[in-house]
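Visitor: Sequence:
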Amino acid sequence: MPPGLYHSDKNLFYEYLFWGGGHLLQFAFTQGMFLVYLIMLSDASLASSNKITILPLFINTILAMGASFIYFVYPVDSAKLIHFFTWHMRIAGAVLPCFLIILMCCNIRTFTNDKSNYLLHSFLLFIYGDVLGVLTIEGNVTIPAHYHGSVVGITIAFMNFIYWLLPKLNFKEVKSSMVRLQIYAYSVGHFLHITGLVWLGGYGALRKVADLPSISSMLARACFIAGGAISVIGGMLFVIIVLLHLLKGKARTN
1 MPPGLYHSDK
11 NLFYEYLFWG
21 GGHLLQFAFT
31 QGMFLVYLIM
41 LSDASLASSN
51 KITILPLFIN
61 TILAMGASFI
71 YFVYPVDSAK
81 LIHFFTWHMR
91 IAGAVLPCFL
101 IILMCCNIRT
111 FTNDKSNYLL
121 HSFLLFIYGD
131 VLGVLTIEGN
141 VTIPAHYHGS
151 VVGITIAFMN
161 FIYWLLPKLN
171 FKEVKSSMVR
181 LQIYAYSVGH
191 FLHITGLVWL
201 GGYGALRKVA
211 DLPSISSMLA
221 RACFIAGGAI
231 SVIGGMLFVI
241 IVLLHLLKGK
251 ARTN
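The sequence shown maps to residues 1 to 254 in the working numbering.
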């Protein structure tokens with residue numbers, strides 16, 4: 001530990017300390033999403049293959065766990081540590097998404113033809129966020145746009161998994177119209193919100209700053225604000241839908 005930084009600014013010290021850990025946490029979330037895809041696509045030949053299941057998960061685990069030892073090499077406030085995690089995210093973090101793209105391409109008919117399967121929304125937003133992550137250089141709101149896209153893509157995958165799991169746990173299946181409304185509201189809303197963030201980043205809006213720059217266009221503001229509102233409604237719909245079905249299921253079994 002660098003004693004100078006710890007005693008001079010503890011908040012900054014812990015921000016640096018957990019910043020890299022946040023990147024590694026994304027590896028775990030991505031692995032969880034990959035498992036959801038494999039489970040929900042279990043009828044496809046590629047999804048049921050042991051090689052495509054074990055190999056990417058093993059590689060991702062090694063890359064995530066191995067990176068944590070960098071803290072024994074560089075101090076927390078080292079520029080080299082920040083540089084390492086930045087490029088570790090861009091290069092090592094792209095390994096599992098590459099396998100995800102292969103999985104998607106080999107199951108393209110399932111993604112496009114199954115009307116009850118909205119994993120395509122998850123895939124597109126996740127890749128959108130990953131592309132922004134590779135392109136992020138400056139410390140503007142493009143960085144939050146990157147992890148918004150990645151995390152939202154993962155969240156939509158788990159939303160799909162919950163809808164898929166409910167009937168298998170003897171709960172009533174959610175109406176397809178409700179699922180469609182919720183998933184579209186959440187995914188389209190976040191797409192607009194993320195696009196607004198990227199657009200505002202082009203106008204120099206800094207991250208962690210509440211005030212929008214006066215030079216920003218009205219369309220960028222509209223995407224950012226309206227998209228955020230729509231996505232919040234979509235998230236609330238998911239909670240309401242799932243809770244109502246859980247309560248109805250328990251009432252029926254009692």
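Please note that a few of the clues may not be correct.
Claimed, not checked - Taking lysine to aspartate or glutamate pairs in the EDC-like style, the calculated list, with each CA pair at most 20 Å apart, reads:
#, residue 1, residue 2
1, Lys248, Glu173
2, Lys80, Glu15
3, Lys10, Asp77
Keep in mind the hints are simulated off the structure, nothing from the lab.
Visitor: Evaluate each hint against the coordinates.
Guide: Tested hints:
no.	hint	verdict
1	Lys248 <-> Glu173	holds (11 Å)
2	Lys80 <-> Glu15	holds (16 Å)
3	Lys10 <-> Asp77	holds (11 Å)
In summary, the structure agrees with every hint in the numbered list given earlier.
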